[in-house]
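Undergrad: Same order as they appear, the protein sequences are chains R and A.
At position 231 of the first sequence (counting the first as 1) the number is 231 in our numbering, and the numbers step up by one without a gap.
At position 59 of the second sequence (counting the first as 1) the number is 1059 in our numbering, and the numbers step up by one without a gap.
Some hints here could point you the wrong way.
Claimed, not checked - Some chain A residues judged to face chain R by a derived CB distance under 8 Å, without partners named:
(1) Val1035
(2) Phe1036
(3) Pro1040
(4) Glu1056
What the hints contain is simulated information worked out from the structure, not anything from laboratory work.
Just so we're clear, the structure is a prediction, and the values are computed from it rather than from any experiment.
Ideal Cβ positions, reconstructed from N, Cα and C, are used throughout, including at glycine.
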Amino acid sequence: MSKDPVNLLPLNEMHEAHGSKMVPFAGYSMPLQYSLGILGEHLHTRCKAGLFDVSHMGQAWIHGDRAAALLEAIVPGDIQGLREGQSRYSFLMNGFGGITDDLIVTNWGDKLGIVVNASRKHIDFPTIADALAGEATLEVLEDHSLLALQGPYASIVLDRLGCSEADRMPFMSSAISAVGNIPVGLSRCGYTGEDGYELSIPNRSVATVAESIISSDAVKLAGLGARDTLRLEAGLCLYGKDLDEYTSPIEAGLGWTIPRHRRESGDFLGSERVLKDILLGPPKKRVGIFPLGRSPAREGVEIYTEGGDVVGKVTSGGYGPSVGQSIAMGYVASEHSDEGTGILLSIRGKMVEGKVTKIPFHPRHYYF
Amino acid sequence: MSIKYSKDHEWLVIDGNIGTVGISNHAQEELGDIVFVELPQVGDIVGQGDEICVIESVKAASEVLAPCSGRVIEINEVLDSNPQVINQSAEEEGWFYRLEISDFASLSELMDSEAYETFLLAGEE
Chain R
1 MSKDPVNLLP LNEMHEAHGS KMVPFAGYSM PLQYSLGILG EHLHTRCKAG LFDVSHMGQA
61 WIHGDRAAAL LEAIVPGDIQ GLREGQSRYS FLMNGFGGIT DDLIVTNWGD KLGIVVNASR
121 KHIDFPTIAD ALAGEATLEV LEDHSLLALQ GPYASIVLDR LGCSEADRMP FMSSAISAVG
181 NIPVGLSRCG YTGEDGYELS IPNRSVATVA ESIISSDAVK LAGLGARDTL RLEAGLCLYG
241 KDLDEYTSPI EAGLGWTIPR HRRESGDFLG SERVLKDILL GPPKKRVGIF PLGRSPAREG
301 VEIYTEGGDV VGKVTSGGYG PSVGQSIAMG YVASEHSDEG TGILLSIRGK MVEGKVTKIP
361 FHPRHYYF
Chain A
1001 MSIKYSKDHE WLVIDGNIGT VGISNHAQEE LGDIVFVELP QVGDIVGQGD EICVIESVKA
1061 ASEVLAPCSG RVIEINEVLD SNPQVINQSA EEEGWFYRLE ISDFASLSEL MDSEAYETFL
1121 LAGEE
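With the hints as extra help, turn the sequences into a complete structure.
TA: If you want it as structure tokens, here you go:
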């Protein structure tokens, strides 16, 4: 079998020097874990800080006076209302009211910045370019890396490296800062449920910045494995598992990203289905699940009522290191989505009892 | 008492007609932090190659195959409450179960330590 070409990250050498186990992911060779291991990296991020290389993600700028208005045709969030230095989580929608991708949009003053999933950029970028219809331009940032510094010590670490803005920025805001004399696009956000930042850095300087950050005793490198357990505990969706082309943002419990004026105008792609889901209630809902016992309920496990009817499926699941037990997210028919509902999970042919629970599993610690 | 390994990275220590089974240190390293093990039950009759245990690490679930045929006579109950013993001591304290070996002929397919080392090195290329 021939192998697909795999892109190496600019920090590939640094990862390997720190004992990384590299795995192919979305066309990139990515660190799954380092010598500390997934469990240790997860717990270290929750109590101090973890540095994640997420340079596989797609970064782009959108230039043009009408950029925000044009983007709103396919994004249901309030993009025109973003103040300078503000960031927002939203979706690229398809015509069926399903999700093409989830993304972060930032108002950088003279342009919009977007960050999309690595696995979706080959679809996202042409879709966005189409929506801009020649009236605004999409500039894909192939020459920028993205680092995520996550955890309660993140702001102190950046402050000591001279990012004086870091500590004062509220969650979901962005600023141009510098580490030493290297300019970085700094956003206070992340996907672990902890306070933290994402740093957009030119590829040629990313190694210098990464080395400065990990020279702090509080910081350990953390890989994709820990990123997945952290985001699952925080109840955050992973595109391709918990979100897809068929699932509406309302089913996913992410209706809060669509403000009232956008619901009223309904002027975004897929709004018919989204508005119907809001009005009538969605047919299925994303829920948290506690499987009883230690056996993890992973993606694809079918969910049954206590009476034995199939009512849904697990979309993400595993062991939650900070929760100390097996946790899962999935979709169930709305009438079975109430907290406390008893369910059965079919794990390798055995029925394991479980319970619908609220999300997140681990409290989020954002800085407002 | 000598240790034998299977191509699927289980080990077997034979003492008379009793075999003790676990996963190799190499397998433990590959799996990463182990959080759950599903063991067979005492009295289960297993055939060589049967998927009779499941290991869940923080990464993924994997099946553990039986390295030989026999009847399970004891399981390592410590693994139920503390599966990380496997990460700490895969080839000693992290044993999975003991069985009464029913088919000694099938043991000829297993490798000794040296052959297993060679097998691992070949797999890396």
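Undergrad: With 8 Å as the cut and Cβ atoms as the points, is glutamate 1056 of chain A at the interface with chain R?
TA: 5 Å, holds
Undergrad: Could you check if phenylalanine 1036 of chain A really has its C-beta closer than 8 Å to a C-beta on chain R?
TA: At about 5 Å, which falls below the 8 Å cut-off, the nearest Cβ of chain R leaves the hint on phenylalanine 1036 of chain A intact, so it holds.
Undergrad: Would you check whether proline 1040 of chain A satisfies its interface hint, that is, whether its CB is within less than 8 Å of any CB in chain R?
TA: 13 Å, violated
Undergrad: Measuring from the C-beta of valine 1035 of chain A to each C-beta in chain R, is the shortest one below 8 Å?
TA: 4 Å, holds
In terms of the numbered hints stated before, the structure departs from hint 3 and from no other.
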